[in-house]
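Trainee: Sequence:
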Amino acid sequence: MTGKKDYEQIPIPKELSETIEEAISYGVITTPRISHRNMIQRTFAVVLVLLTTITCLMNFNPAFVSAVEQIPVLGQMFHIFSFREIHQQDSYRYIDAVIPKIEYEGNSDMENRVNLEISHLIQEEIQRSEEDAKEYYDAFVQTGGDPKEFRPISVTIDYEVKSILETTASFIISKYETLASAYNMQYFYNIDLETGNYLSLRDWLGPEYRQIAAKSIQQQIDEWPEDQKAMLFPDIDWVNLITENRNFYIDKDGRAVVVFDKYEIAVGAMGVLEFPVEPSASYHPDK
980 MTGKKDYEQI PIPKELSETI EEAISYGVIT TPRISHRNMI QRTFAVVLVL
1030 LTTITCLMNF NPAFVSAVEQ IPVLGQMFHI FSFREIHQQD SYRYIDAVIP
1080 KIEYEGNSDM ENRVNLEISH LIQEEIQRSE EDAKEYYDAF VQTGGDPKEF
1130 RPISVTIDYE VKSILETTAS FIISKYETLA SAYNMQYFYN IDLETGNYLS
1180 LRDWLGPEYR QIAAKSIQQQ IDEWPEDQKA MLFPDIDWVN LITENRNFYI
1230 DKDGRAVVVF DKYEIAVGAM GVLEFPVEPS ASYHPDK
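Going by our numbering, the residue at position 52 of the sequence shown is 1031; the numbering climbs one at a time, nothing skipped.
Just to be clear, a hint being listed does not mean it is correct.
The calculated BS3-like cross-link candidates involving lysine-lysine, where the alpha carbons are at most 27 Å apart (straight line), are [unchecked claim]:
{"id": "1", "residue 1": "K1141", "residue 2": "K1194"}
{"id": "2", "residue 1": "K1141", "residue 2": "K1080"}
{"id": "3", "residue 1": "K1231", "residue 2": "K1241"}
{"id": "4", "residue 1": "K1231", "residue 2": "K1194"}
{"id": "5", "residue 1": "K1141", "residue 2": "K1231"}
{"id": "6", "residue 1": "K1231", "residue 2": "K1080"}
{"id": "7", "residue 1": "K1194", "residue 2": "K1241"}
{"id": "8", "residue 1": "K1141", "residue 2": "K1113"}
{"id": "9", "residue 1": "K1141", "residue 2": "K1127"}
{"id": "10", "residue 1": "K1194", "residue 2": "K1208"}
Think of the hints as simulated: they come from the structure by calculation, not from any bench.
Throw the hints in and build the complete structure from the sequences for me.
Mentor: Below you can see the structure in the form of structure tokens.
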């Protein structure tokens, strides 16, 4: 795909520049006391001249044709925004959820598929949180707790855009509950905007993704202070932990940020751990 820099560096043919200047000069000279109808007619005439010039240049100037073909289609742009909010409250839980929606005119099938998946995902999480909170409430009351003293479970669902690059988009949908950290979830979306497919860690880092990620993570940990290293679980096999379905997102610099859940590789005080990994110098996903 042609990059933005390539587009900005496309040379403007001399013939087109001269035509535009002549059109502007003509408009300036004839501007005083032009009626509305005459203005429309003359504007149309100028546009017609420009279109005719462009057509001629495309027929006789191969360089100009090549430049035009490299201009990116402006409609093929990816957007993600807050589409709907859900606020629910009852005696045992309250929910604040933001449902994102994507727009991508370049691939309507992908747009519809991802939006439907997101909608189902969030509805399922809301339903699951309701069941969990109700179960916790019932257990509280059955063990002698006063219903008036029960503190409703807080459920928050939101999203975060990590990057929108030339050919990829990366964002996360997160759910947090005050009931327990085990109920916190993150769902990672890394989308190839050219194919509409989801990207795996292998897709982004290449065939040697396990070794590349494991080596990078170990190098970063080697730079940690000793007290921080001591909080990791012993005998971690990084290569085996780096599977093709390992959670990750693509940051603004194009790095794959590998994510480990709380308690997965270290004590709970360490929280969720993230490690940015540069793609191999001999491999790039755009190739």
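Trainee: Could you check the structure against the hints above and give me the numbers of any it violates, in ascending order?
Mentor: The structure breaks hints 8, 9; every other hint is satisfied.
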